[in-house]
Amino acid sequence: MNSKTQFALNLIGEAISPYLPLITVATGLISEIIDIYETAEYNRKICDVLVERMILANNAINTLQSRKQKNE
127 MNSKTQFALN
137 LIGEAISPYL
147 PLITVATGLI
157 SEIIDIYETA
167 EYNRKICDVL
177 VERMILANNA
187 INTLQSRKQK
197 NE
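Everything in the sequence shown is counted per the numbering used here, starting at 127 for the first residue and increasing by one.
By construction, these hints were calculated from the structure, which means they are not laboratory data. Incorrect hints may have been included.
So the derived label-pair ranges between C-beta atoms look like this [unchecked claim]:
id, residue 1, residue 2, range
1, Ser-192, Thr-153, 53 to 63 Å
2, Ile-142, Met-180, 53 to 63 Å
3, Asp-174, Asn-197, 32 to 42 Å
4, Lys-171, Ser-192, 51 to 61 Å
5, Thr-165, Tyr-145, 26 to 36 Å
6, Lys-130, Leu-155, 49 to 59 Å
7, Lys-171, Asn-197, 32 to 42 Å
8, Ile-172, Lys-130, 27 to 37 Å
9, Val-175, Leu-137, 53 to 63 Å
10, Tyr-168, Leu-148, 50 to 60 Å
11, Arg-170, Gln-195, 47 to 57 Å
12, Ile-142, Ile-162, 54 to 64 Å
13, Thr-153, Met-180, 37 to 47 Å
14, Leu-146, Ala-183, 51 to 61 Å
Small disclaimer: the values here were computed from a predicted structure and weren't measured. Beta carbons: idealized from backbone N, C-alpha and C, even for Gly.
With these hints in hand, go ahead and build the complete structure from the sequences.
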């Protein structure tokens, strides 16, 4: 590397160095947000399945009540 290139790299490093902690924090926050989003999507799928099961159970209860009334 020649001296001009080395000087330019040092200058860029000095310009960026105050922002490195901010970049690190932002990267961590973005990672947490992605994890929370993925967890929320997973929880939404679980809730959808539970709602479907509840509807099926409700239909079964209605059928049983209807049969009971017919047998009375």
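When the hints from earlier in the document are held up against this structure, which numbers fail? Hint check: 4, 6, 8, 10, 11 and 12 fail, others pass.
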